[in-house]
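Asker: Working from the sequences, and respecting the hints, build out all of it.
Chains as they are written, first to last, in my numbering: chain H, 812 to 1171; chain R, 812 to 1171.
Calculated from the structure, these hints are not laboratory results.
Warning: the hint list may mix true and false statements.
Just so you know, same-sequence chains aren't split out, so a pair can sit in one copy or run between any two.
Stated by the list, open to error - Restricting the straight-line Cα-Cα distance to at most 27 Å, the calculated cross-link-like pairs of lysine-lysine (DSS-like) are:
hint	residue 1	residue 2
1	Lys863	Lys814
2	Lys959	Lys1128
3	Lys1128	Lys972
4	Lys844	Lys935
Letter by letter, the chains look like this.
There are 2 protein chains.
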Amino acid sequence: MLKQEIDTPALLIDIDLMEKNLETMASFFRGEKGTYFRPHYKTPKSPFLAAKQIESGAIGISCQKLGEAETLITAGITDVLITNEIVGDYKIKKLISLRKHAPGLMVCVDNIIPAKALSEEALKRGVKMPVLVDVNVGQNRCGVEPGKPAVDFAKEVSKLKGLELKGFQCYHGTLQVWDQRHGLEAKQQEMERSNGLIVETRESMEAAGLNTAIVSGAGTGTYKGQYHVMSEVQAGSYILMDWKYHITAPEFERALTVLTTVISTPARDRFVVDAGDKTASTDSGMPILKDVEGYEYGTAGDEHGILTPKEPSRELKIGEKLELYPSHCDTTINLYDRYYGIRDGEVEVVWPIAARGKSQ
Amino acid sequence: MLKQEIDTPALLIDIDLMEKNLETMASFFRGEKGTYFRPHYKTPKSPFLAAKQIESGAIGISCQKLGEAETLITAGITDVLITNEIVGDYKIKKLISLRKHAPGLMVCVDNIIPAKALSEEALKRGVKMPVLVDVNVGQNRCGVEPGKPAVDFAKEVSKLKGLELKGFQCYHGTLQVWDQRHGLEAKQQEMERSNGLIVETRESMEAAGLNTAIVSGAGTGTYKGQYHVMSEVQAGSYILMDWKYHITAPEFERALTVLTTVISTPARDRFVVDAGDKTASTDSGMPILKDVEGYEYGTAGDEHGILTPKEPSRELKIGEKLELYPSHCDTTINLYDRYYGIRDGEVEVVWPIAARGKSQ
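Answerer: What follows is the structure, given as structure tokens:
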């Protein structure tokens, strides 16, 4: 099947570019770096792509949700870190059930109440649950404060007999594209501040005799400046990318596009395509037209987009299929059930997005 | 199962409120109005809810996508208007296939090239395809211009032997919440202008001997001020609503919420919940906390939200489940596979969202 024969809207991966991204990141972690790579599944949500990441040298996979972990573990990928807090009786029971089939499963904790519940469930089911203490190193979302509060909390956690303390998590999400908001210099400063908190926390935990074998964090926008203060890096977007992240990390290619059709050409100042808010997320800006120079995409509702000619290199034709670069890969991918993997203009493979909608 | 036992994030419908909305709209169209109701499926995307709308008096269902129409027709709901242009060989073949199983299926056209292709395919398959001419009455998206251009195009369409001209569509999307952007008076003016274009187009088409049996348009934000210039109204959001549409149409209750859990309470100034951009859309603003006064929700990434205490009526507890009103029902619903229908605090029914992700 040719790319142009795919029904629209559809989500495409340029396989050559994706493989280039896999190799770019894998080669960074090869050699004497002393830091491992545990790519994040919240972006691609496909066990087939996760398997490629492990083939290319990753020591395991990161994910955000229990439902995501389930799709990995049932696909045979069992070295999984849930980079998030798992709270509530139902989820804790499910987590321990998964743990029985995935000895490499780990989870984050930042509150003693769910940590105790997790420990009790683990003991009841005859397993130990490996955990990382989640530490706030600048994002101000989840996580205990670094330094002494982290040490105090880790001590409490290490007393819980159903848990096995493996280290801590130190992810700073807003730092990833800090350069786009505040400039490169400000990003460097914030990164140094955050790295300082990470080192301080590791040293304090070690001084207290606490395990810091795993220090997990960083992303596509910070791996180069943070890998040296951690034992593993969690970057996810690098494999497929979007136009926005590409500004910060241009070493990775934009391998992901939305295929769309021109469905209406009612006037010379607008060309309507069948891709709207339900097919390309706009939380990080509008998609950008890939193929033809001089058009600007704007959403025109849930099912429509309008391409406005600015300095158009040519006219667009009714029925023509075009590709859009999404502004945010994660939330766009989560709208689709499958990827069409394209090479040399043909569909080479269709990959199910097994964790699409796995928000629980 | 109690509401509080549902795993999170989850999408809930308050059945009492939904039934009230169904009745509020149904009662509006009862009696001597002379206008029918054809509710839009792009919002609820569930054939079970569409069936309730037909039970309550709707003459059929509107939808945007062929994939949506398919989920209706395979569920036995065959009076379906696709309020959109269907373009491209594959889609046209599929449309005519569906037409053979749904004599009440109609579609919009605004360009002679796909209209001819549609006619040819219909002739080849031995059916007539009922169509509406899509007319631009102010939204400036799809549609031919009103008045003479619409008449000229409708004449061309009526010559195509595989098509059966049934009338025209006159939907003005941006008019729905025009009041929130420009004020009520400006909305009234724009509505009168749009209604004038609709009447002019109908009269011109009638004068030219063209069929105007169906004049279809309006939404939850305009049905009261537009029903009298059309034969049927397409409102969709009214059945479930969101907080934003509720400002414009307060006669309908906010029956839809996202159930979320407090998963981290790291500081007194923030409470982290497990609902982010992948579980509540933000294209029309942030969700609003339903249960507890004095907290403001802000997205904190794809999987997290932060509730910031402003004038909090009480503390939030780790593990506590809360409900959020989405800002935009359509794009939020499209993230979920099922609704939990709640009555008196218990799960009464689970409705699959059959057309979730049916963007093709």
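Asker: From the Cα coordinates, with 27 Å as the cut-off, is the pair Lys844 and Lys935 best called within, between, both, or neither?
Answerer: Neither: 40 Å inside a chain and 66 Å across chains, both beyond 27 Å.
Asker: If the cut is 27 Å between Cα atoms, do Lys863 and Lys814 qualify within a copy, between copies, both or neither?
Answerer: Within. Shortest intra-copy distance 23 Å satisfies the 27 Å Cα cut-off; inter-copy 40 Å does not.
Asker: Checking an output row: Lys1128 and Lys972, CA cutoff 27 Å. Within, between, both or neither?
Answerer: between (67 Å within a copy, 25 Å between copies)
Asker: For the identical chains here, do Lys959 and Lys1128 meet the 27 Å Cα criterion within one copy, between copies, both, or neither?
Answerer: Between copies, since 24 Å is at most 27 Å while 63 Å is not.
Checked against the numbered hints above, the structure violates only hint 4.
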